[in-house]
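Engineer: Sequence:
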Amino acid sequence: MSYVEVPGAKVPIRMWTDPASVEDVALQQLQNVATLPWIRGLAVMPDVHYGKGATVGSVIAMHGAVCPAAVGVDIGCGMSAVRTSLTANDLPGDLSRLRSKIEQAIPVGRGMHDSAVDPGRLHGFPTSGWGDFWTRFDGIADAVKFRQERATKQMGTLGGGNHFIEFCLDESGSVWLMLHSGSRNIGKELAEYHIGVAQKLSHNQGLVDRDLAVFVSDTPQMAAYRNDLFWAQEYAKYNRAIMMGLFQDVVRKEFKKAKPTFEPVISCHHNYVAEERYEGMDLLVTRKGAIRAGSGDYGIIPGSMGTGSYIVKGLGNEKSFNSASHGAGRRMSRNAAKRRFSAKDLEEQTRGVECRKDSGVVDEIPGAYKPIEQVIDQQRDLVQVVAKLKQVVCVKG
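All residue numbers for the sequence shown refer to the working numbering, where the first residue is 1 and numbers rise by one.
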């Protein structure tokens with residue numbers, strides 16, 4: 001489908017989904033965002049659903065302003081994937097050992113490494129800029145500086161919720177490694193600190209929703225937020241790169257005889273801010289649950305822990321601000337999923353996948369998500385599918 005345009009206060013709302021399929025609270029959030037004085041455009045992805053302040057699955061283009069709650073608290077959250085030389089024929093019948101080895105190498109949930117990972121020992125890790133990145137920690141908000149040790153030990157860890165590490169097969173039988181994570185606790189604390197600062201600023205007092213508080217250009221608060229935001233986005237990028245390096249090490253050891261090789265890693269943020277230019281104007285584009293899909297950009301759109309994912313290439317559609325969805329998107333809240341489904345349902349819906357099947361991850365059951373095929377179909381003018389993946393191992397926090 002192409003987009004449907006819904007009237008909004010300051011800008012039209014372009015929706016790559018049927019507006020009737022979007023819950024009322026999410027539609028109200030979109031209308032709220034469209035009232036912001038600084039807004040220049042709003043694009044809504046087919047995985048749209050209710051979030052804090054702004055919906056997940058929205059692309060907000062503003063001139064001279066940025067809304068920290070619209071970025072979300074997991075700054076820089078995103079995906080990484082790489083195709084390997086392994087094929088389905090290389091896999092053992094029982095994949096439980098592989099899952100166990102991944103969980104041993106990469107801490108999940110609230111876990112962290114005993115000591116900071118040395119990226120120099122990881123194959124192919126982009127170490128240029130690593131030292132400068134940590135030097136810049138001294139320049140971030142004083143309120144979170146006491147978290148430095150935790151931040152170094154959580155670098156290269158998964159987290160919980162919808163984050164995952166997967167071992168997948170594409171339709172030709174090639175093995176892919178894929179993972180989803182962000183800026184961990186340090187990104188969350190930076191986001192919450194700056195949201196609190198923004199909500200106290202005088203220009204935000206008349207907004208329809210206090211969670212839409214913004215920073216405006218040429219102010220010390222905006223400068224401080226941009227500094228911390230871009231640092232946290234880099235943390236998320238490095239976090240995924242270290243995890244991918246650790247994941248590849250596991251695969252090299254477990255498939256030693258096959259001597260696996262790896263293609264270049266595809267990586268994309270889906271909770272972030274970028275400086276981009278549209279119709280002759282410099283804008284701050286916030287993608288909250290959306291990936292950049294400029295012409296030729298590779299991206300990753302995952303489904304759920306039982307349905308598979310897509311590798312895509314952007315078509316450069318400026319009507320969506322060169323964006324596409326970040327996943328299938330939830331069709332019910334975590335609490336609703338826990339009420340509706342049981343561990344037995346999870347077992348049935350993840351049959352054939354080596355993964356956790358206990359009540360602790362029922363809120364991540366495939367039935368809590370929109371059908372990924374439908375979400376992909378609704379954005380054929382935004383991306384082209386390069387590969388369809390199906391997981392055979394899924395590690396959750």
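Read the hints as simulated data drawn from the structure, not as lab findings. Idealized CB from N, CA, C, for every residue including glycine. Hints should not be assumed to be uniformly reliable.
Claimed, not checked - The calculated lysine-lysine pairs, modelled on PhoX-like cross-linking and capped at a C-alpha distance of 20 Å, are:
1) LYS145 to LYS101
2) LYS313 to LYS388
3) LYS101 to LYS357
4) LYS313 to LYS390
5) LYS319 to LYS10
6) LYS319 to LYS101
7) LYS188 to LYS52
8) LYS357 to LYS344
9) LYS313 to LYS101
10) LYS344 to LYS101
11) LYS200 to LYS153
12) LYS200 to LYS52
13) LYS357 to LYS338
14) LYS357 to LYS390
15) LYS200 to LYS101
Said to hold, decoys possible - So the derived label-pair ranges between C-beta atoms look like this:
16) PRO264 to ASP90: 43 to 49 Å
17) SER359 to GLU23: 23 to 29 Å
18) GLY360 to ALA88: 40 to 46 Å
19) VAL385 to ARG339: 21 to 27 Å
Engineer: Tell me the numbers of any earlier hints that the structure contravenes, in ascending order.
Structural biologist: 1, 6, 9, 10, 11, 15, 16, 18 and 19
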